[in-house]
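Visitor: For the record, the sequence lines run as chains A and B.
As numbered in our numbering, the first sequence has no gaps in its residue numbers, which increase by one up to the final residue, 327.
As numbered in our numbering, the second sequence has no gaps in its residue numbers, which increase by one up to the final residue, 139.
Rather than coming from a laboratory, the hints here were simulated on the basis of the structure.
Heads up, some of the hints might be wrong.
[Stated by the list, open to error] Derived DEER-like restraints, expressed as beta-carbon distance ranges:
hint: 1; chain 1: B; residue 1: 99; chain 2: A; residue 2: 237; range: 14 to 22 Å
hint: 2; chain 1: A; residue 1: 305; chain 2: B; residue 2: 108; range: 35 to 43 Å
hint: 3; chain 1: A; residue 1: 302; chain 2: B; residue 2: 58; range: 23 to 31 Å
hint: 4; chain 1: B; residue 1: 106; chain 2: A; residue 2: 316; range: 45 to 53 Å
hint: 5; chain 1: B; residue 1: 133; chain 2: A; residue 2: 293; range: 47 to 55 Å
hint: 6; chain 1: A; residue 1: 260; chain 2: B; residue 2: 106; range: 44 to 52 Å
hint: 7; chain 1: A; residue 1: 287; chain 2: B; residue 2: 29; range: 17 to 25 Å
hint: 8; chain 1: B; residue 1: 126; chain 2: A; residue 2: 250; range: 22 to 30 Å
hint: 9; chain 1: A; residue 1: 301; chain 2: B; residue 2: 13; range: 45 to 53 Å
All residues carry an ideal CB built from backbone N, CA and C; glycine is no exception.
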Amino acid sequence: MNSGASSSGVPHWWWQRVTAVLLVPLGLWFVFSLLRLDVLDYRYVSDWLTHPLNALGVALLMLVLSLHSQLGVQVVIEDYVHDPARKRFSLVLVGFAHALIGVIGVVAIIRIAAGGAA
Amino acid sequence: MPRRERPLSPFLIYRFDYTMVLSFSHRVTGLLLAIGALVLAWCLVALACGPAHYARFMGILDSWMFKLLLLGWLFSFFFHLANGIRHLAWDLGHGFEKSNARMSGWIVLITALVLTAGYVWMALGRHGGVP
Numbered sequence: 210m211n212s213g214a215s216s217s218g219v220p221h222w223w224w225q226r227v228t229a230v231l232l233v234p235l236g237l238w239f240v241f242s243l244l245r246l247d248v249l250d251y252r253y254v255s256d257w258l259t260h261p262l263n264a265l266g267v268a269l270l271m272l273v274l275s276l277h278s279q280l281g282v283q284v285v286i287e288d289y290v291h292d293p294a295r296k297r298f299s300l301v302l303v304g305f306a307h308a309l310i311g312v313i314g315v316v317a318i319i320r321i322a323a324g325g326a327a
Numbered sequence: 009m010p011r012r013e014r015p016l017s018p019f020l021i022y023r024f025d026y027t028m029v030l031s032f033s034h035r036v037t038g039l040l041l042a043i044g045a046l047v048l049a050w051c052l053v054a055l056a057c058g059p060a061h062y063a064r065f066m067g068i069l070d071s072w073m074f075k076l077l078l079l080g081w082l083f084s085f086f087f088h089l090a091n092g093i094r095h096l097a098w099d100l101g102h103g104f105e106k107s108n109a110r111m112s113g114w115i116v117l118i119t120a121l122v123l124t125a126g127y128v129w130m131a132l133g134r135h136g137g138v139p
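Next up, chain B with everything else stripped away, as it sits in the complex (with noise of 0.2 Å):
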């Protein structure tokens, strides 16, 4: 009796690329961002609560965890937006293709670290400190 091929398990037959990732790092920057709407409303909470608060708050800010954060928060907003409009293209039926897909990938990527350290830069020029 011939042996018969058996169908392959999806982890077989997939191949990992680094669209996944890609595309994997979309769900991650959204939790991030998702926290950084928490803190932001907590931000406006206590500048409403007035200045008093408001130092303490930017207080908890001016810690090395935090500008750290700050800045994972930052690249997380550039590379959402651009892979957010890449994800609305597709939407409407643009570059599904899997060479425009690679291509448009990169470009995602560079375009959120390029805005990321045109934003530092910028901001350390304006007050010396990611904001």
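This is chain A alone, in the form it adopts within the complex (with noise of 0.2 Å):
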């Protein structure tokens, strides 16, 4: 547990890479998914999200972009916060944050993707 800076050594660093390197292709794919998107248009992109391939695009982007960013944050964290107790306070913060971008992230995916007709 107690294995250095970031309280996680090795494992931090490999995820931090792993997820990096996953993110290259999820996020250039989501990013340039978007220019041919009509965002304005409800219907259009629920459609686009409907879509089994896309719907697991951007439900793996969430889970894996909110894993690289808890653990890229988390480094700044430590960093710059000194104080121990506002340390725990914004790591917790943080960490809470994260999570909730990942589980709501793909509940709404799948809802989208399993509504279908909203």
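Starting from two chains that each stand alone, build the complex the way the hints lay out.
Guide: Put into structure tokens, the structure is as follows:
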């Protein structure tokens, strides 16, 4: 548990790299998909997300993105917040926010994909 | 008694270099993108809640402040991506010499600017606004 400044040591470093590599294709795919979408049209966007491959892609993006973001923001807090109580508080807050991003993102996608005509 | 050289503070030893600015920017763009992830999750929730909620969410996005934010996120995305690939190359042991680090730093910045400009150019052609 207590193996260095990041308090998780090698797994932390490793996961940050794994998620980074995964985010290269996922991020590029998502950002350039937005370009082809008429994002203002609810029907169009929800139809796009109902397609299984797109739903899987965005769900994967939300999970990998929230993990990568969590690992990165965690390091920034550990580097810049020195007061132990404040550090613990911000780490819990940030951890909660990232769990929320991942879980809520995936649940929303499942609802959209399953609902179809909501 | 001869005066001895005293050890210098790191602040005096390390010259300020723009490669430092670049590495700090990786964190700043990363934090911006973390906020972007939160907004993206919010967008998906709005979408799952139905047309009325989604329209309200998009209404909030349709302001100058948010368009500027979207532009910031877009640049942050391309910058963080390009610089992230640079970091991964370093992890594999490539390009860590000072001259290479400088050169790849410039390539990262120019790539991010060109991709952002190209993306906005295409977005304006598709639907008359940054998505």
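Visitor: Each hint: holds or not?
Guide: For each hint, the structure was consulted:
no.: 1; hint: B/99 to A/237: 14 to 22 Å; verdict: holds, 20 Å
no.: 2; hint: A/305 to B/108: 35 to 43 Å; verdict: holds, 41 Å
no.: 3; hint: A/302 to B/58: 23 to 31 Å; verdict: holds, 30 Å
no.: 4; hint: B/106 to A/316: 45 to 53 Å; verdict: holds, 48 Å
no.: 5; hint: B/133 to A/293: 47 to 55 Å; verdict: holds, 53 Å
no.: 6; hint: A/260 to B/106: 44 to 52 Å; verdict: holds, 48 Å
no.: 7; hint: A/287 to B/29: 17 to 25 Å; verdict: holds, 22 Å
no.: 8; hint: B/126 to A/250: 22 to 30 Å; verdict: holds, 24 Å
no.: 9; hint: A/301 to B/13: 45 to 53 Å; verdict: holds, 47 Å
The structure meets every hint from the earlier list without exception.
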